[in-house]
Structures are given as structure tokens and as C-alpha cells.
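Spelled out, the chains give:
There are 2 protein chains.
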Amino acid sequence: MNAELTSFLTETKEQVEKRLPQVFENLSIPETLVEAMIYSLNAGGKRIRPALLLGTIQSFGKPMESGLDVACAIEMIHTYSLIHDDLPAMDDDDMRRGKPTNHKVYGEALAILAGDALLTYSFELITQLDREDISTEQKLLLVQEISKAAGPEGMVGGQVADIEGENRSLSLDELVYIHQHKTGDLLTAAIVSGAIIAGASKDDIANLRMFAKELGLMFQIKDDILDVEGDQDLIGKPIGSDDGNNKSTYPNLLGLEGAKKKLNEHMSNAKEYLYKVKMNHGLLLTLTNYVAERDH
Amino acid sequence: MNAELTSFLTETKEQVEKRLPQVFENLSIPETLVEAMIYSLNAGGKRIRPALLLGTIQSFGKPMESGLDVACAIEMIHTYSLIHDDLPAMDDDDMRRGKPTNHKVYGEALAILAGDALLTYSFELITQLDREDISTEQKLLLVQEISKAAGPEGMVGGQVADIEGENRSLSLDELVYIHQHKTGDLLTAAIVSGAIIAGASKDDIANLRMFAKELGLMFQIKDDILDVEGDQDLIGKPIGSDDGNNKSTYPNLLGLEGAKKKLNEHMSNAKEYLYKVKMNHGLLLTLTNYVAERDH
Chain A
1 MNAELTSFLT ETKEQVEKRL PQVFENLSIP ETLVEAMIYS LNAGGKRIRP ALLLGTIQSF
61 GKPMESGLDV ACAIEMIHTY SLIHDDLPAM DDDDMRRGKP TNHKVYGEAL AILAGDALLT
121 YSFELITQLD REDISTEQKL LLVQEISKAA GPEGMVGGQV ADIEGENRSL SLDELVYIHQ
181 HKTGDLLTAA IVSGAIIAGA SKDDIANLRM FAKELGLMFQ IKDDILDVEG DQDLIGKPIG
241 SDDGNNKSTY PNLLGLEGAK KKLNEHMSNA KEYLYKVKMN HGLLLTLTNY VAERDH
Chain S
1 MNAELTSFLT ETKEQVEKRL PQVFENLSIP ETLVEAMIYS LNAGGKRIRP ALLLGTIQSF
61 GKPMESGLDV ACAIEMIHTY SLIHDDLPAM DDDDMRRGKP TNHKVYGEAL AILAGDALLT
121 YSFELITQLD REDISTEQKL LLVQEISKAA GPEGMVGGQV ADIEGENRSL SLDELVYIHQ
181 HKTGDLLTAA IVSGAIIAGA SKDDIANLRM FAKELGLMFQ IKDDILDVEG DQDLIGKPIG
241 SDDGNNKSTY PNLLGLEGAK KKLNEHMSNA KEYLYKVKMN HGLLLTLTNY VAERDH
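From first to last, the protein sequence lines are chains A and S. For the first sequence, the numbering used here assigns the number 1 to the initial residue and increments by one for each residue that follows. For the second sequence, the numbering used here assigns the number 1 to the initial residue and increments by one for each residue that follows.
Read the hints as simulated data drawn from the structure, not as lab findings. Model, not experiment: these values are computed from the prediction. All the pointers check out, no bait thrown in.
Just so you know, same-sequence chains aren't split out, so a pair can sit in one copy or run between any two.
Below, simulated SDA-like cross-link-like pairs (lysine to any residue); rule was C-alpha separation at most 20 angstroms, straight line:
| # | residue 1 | residue 2 |
| --- | --- | --- |
| 1 | Lys104 | Ala89 |
| 2 | Lys202 | Gln128 |
| 3 | Lys213 | Ser28 |
| 4 | Lys104 | Asp92 |
| 5 | Lys202 | Thr136 |
| 6 | Lys213 | Ile29 |
| 7 | Lys104 | Glu164 |
Generate coordinates for the entire structure from the input sequences, incorporating the hints supplied.
Right, dumping it as C-alpha cells:
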């Protein structure tokens, strides 16, 4: 990975991981509940959504610090979705990132409630932002953007479509629907939220929204391609593991060459949208290239 | 029940039940998800939170219609909490209000997601209010008030404390904590939201918040008293059913006469706060008397 990108991702990850437990400090929450919430928030991960949000602010030449709490709010929503996804009634996962999942440690009831609490508190946190550089109007736009991305038309809708599509072949449209909503919408909300905080124009926000959609699809197609031809040691799971249980992937639907062509189309679209935005394009361009070229 | 109060509750219930499914009409949501959401929204109930919100607006002499969507949003949050409470990992209830619970009809995975979707969409709905009589500032205050009431310091916190207090004796402080947060906070948010929409002053909002807290406690104490001396046919469950499984109640902790004295104290406090508010007190006063005097 490009050194500039590596150091940016490391820096934002550190900032977010330092800030996350602080936002609960002065609250009156039952001890086990806040423990369960922080357990999963502390469970690691790349913190890619916060990085996208903070990177967008920086690309507009604004101080990243102004977006730190909103970045935490989006990471809370991502974390809640993982806690609920891991439940026995859903994916029934015992481990995540090398640690026992929330319900294995705290029990199912508390895991459900910790997820509910993280989701609800994320919106409260945004309304309570106390910064001169973020107006009431901007806060309301942030709640609107993020709730829409996380809700029934967004992430939850994508998760339902994913569950309903299990164990049968999907059309390309269905596959795109699932990826766009299950993971794409919250990634998009992170970038758009950065633009809202930076005070970007409506046109810039619209183009960044399109850029983010293309980037999200690129990310998923590249994942599918790496599963076919990647280095098993680098990607951390057996090559070809998506072949089993009828899993629909881009290479399965389009062939490997077709999937690579699709990846390039989306990259070209992504850059076209990005260049229309009045900002410093360097960081997001580096990120776009990295998503297409990464080997794990 | 007082005829004016009866007709008010009937009227607001009808308005809310008509409006609830409409708010999803132009959305693009997977069919089974929106079905599961509407199934539980349609499952009945007294719609007491919407009535409190709309009644508060009316008491300030403002049109109730301006609060209809926020009333729906609060009812969605109440409904999500019931869906999650009924899950096998929580109360494991098969029936609610004479109908199979959400997870009995749609399965656990979809029930969890329908709850998540209702909670998330409630905030989106508030941000999307398109009314000249509700400002951006008011919308943000509404999201703040309701998310705080529903979150880890509010409803979710109360639910955790309730689970942790099962099968052991509680102190009076613990009992009050559970009731205030598990049910009281969202009732309070309904009344305060009505005041925000009506454009009430900060002082009026502060006094209504205190009124609502007293009213919520009255409601719970009266429930406990009716369980001891009520008419079984009227209250719809066996008298003394709270005696079992170590359940902590006001009469168990204070004695029956002590509980009645406590109820009167809270009623007197409630009225004192209510009279300080510059509004027409009739409706909320009638409601306060009803809560103390009802026989079921």
C-alpha cells in the first residue's frame, strides 16, 4: 500500500479508537450494558468508515477533528450491525476478528440490547455535537443521511435481501442490490457525511455520493476476484471458499475476465465522479487505485 | 372513563393507525421486511404515547396534525422494543395482544431486523418532516429527546436493569430506576416532543418533563395496586400474579397502604408541575385523575 495512505489509515484508526470509549464517559448506563457496547467497539477492524469520513473532510481542506464524533457514530452503527449479524438466529458466529462474539461473552439478550443501544446512541451523539463549525442544519442532514443509509431502505434492507438470497443463485441485479445496501450505503454515508461536515456544495455532495457507490462496488468485485486468484496466505481464507454453498459472486456470474472488466468500468466511473468535485483529489484517488490493485 | 378522554383516545388512535402504514408507502424496502414491520405496528395497543404527544400539542392550542408523524415515530420505537422483548433470548413470548409475536410469524432473524428497521426509520422520519410549522432546530431537538429516551441511558438501560433484577428482590430505588427508564422515559419523550412541536418555552418543557415523570410512576404504582386488589375480570390477569417469582412491586416493598400513599404523593406532585405550565390543563388533568382512579 502507498505509504501516504498507510499512514493516513493508521492515524485515523488511532484517533477513532482513542475517542470511542470517551463518548460514554459521562453517561449513566448500567455497567454491563456499557461494557458489552465497548467490548465490541474495541474489537478492532480497519475503521474504514471513519477513515473515509475523515479523509473526505481533509480533502476539502477542513480540520479532521470536526468529524471525529460523527466518525465514531458511524463506527457504532457498523458495530451494532456486526453484533446482530453474529447472533445465533442470524449467522451464528462464535468468533469475530479472533475474539468471541458479543453474545458468546454477554449472552444473547445483552448482545441484542447492546446493538440496540449502539444504534440509538449514535443518533443522540450527532445531535449533541457542540462545535461552532457544525450548524443545526448540518447536524440534521447528518442524522438524515446516516439513518437512511442504516435503515430499511439501506443496510437492514440489504441484510434481509442477503438472508433471503442464501442457498439460491442470484441474478446480477440481486447481487448488486445486496452489496449496495448491506455494505455500500453506510460507506457512502461516511463519505457524504464528511462532505456535509466540510460544508461542501450540493453538486459536490451529489458527485461524491456517486463516487462512493462506485467505490463500494469496486471493493466487493475485487474481493470476489481475490477469492478466485488471490494468495491464500495474504487474504486469510481458503481460495475458492466462495464456490461452496451456491454462493453468487461476480466471477461466477460474469466469468473472471468479465468481473475484471466490470471492476475497471467502476474504477473509471469512480474517478470521473471524483474529478468533478472541487477538492484535493489525492487521497481518495490513491484509495481508489488501492482498492482495485490490492492483493489482499 | 371520562367521556371527553375516551373520545380523545379513540380519535388519536384512529389517526395514528391510519397514518402508520402510509409512512412506508413510497419507500423501496424488501417486501417481507416491510410486511414484518407493519405486522407489529398493526397489532393494536392503546397508542398511549401518540395520545400523550398529540394531547400535549392540543393543550397548547396548536393543531394536532403537526405532530402526527412524530407520534408515529415514537410508536415505531415502542413497537421495536416489544418485538425485541418478545424474542426467545429475552421474554420468549409466543403471543402478544392475542396475535402470534413477530418472530413466531417471520422467524427470529427477520424479527430482529424488523425491530432494527423500525428504530432506525423512526429517526429518518423525523428528519424528513416537511412542515412549515416545524423548524430545523425543532426537528433536531426531537431526535435528541427521543434518541436519549430510547437509548442506553433510557429504555435500553431500563430493560437491561430489569433483566438483571429478575429472580431477586429489588430495593425501592432499583424498582424506580427500572420503571423510569424501561417505560417512563419514552412516555416522557412523547409529552416533551408534543411541547417541542407546539413551540413551548424552556420552562414549560422543564415542568412538563417533571409532570411526565410523576405520571409514569403513578401509572406503574397503580398497576401494582390493581394487581393486589383489582377485579380479575377487569384487569385481565389473575389477581396476585405479581406475587410469584420474587417479583418486586410497590405493595410488596411499601405495603398496600404505603403504595397508595406513594401514588397520592406522585399525583399531587404531577398536578403541581402541570399547573405551572402555560397551557389548557383540562385534558392532562383528566388523564392524571384517570390514571389514579382507574379500576383496570
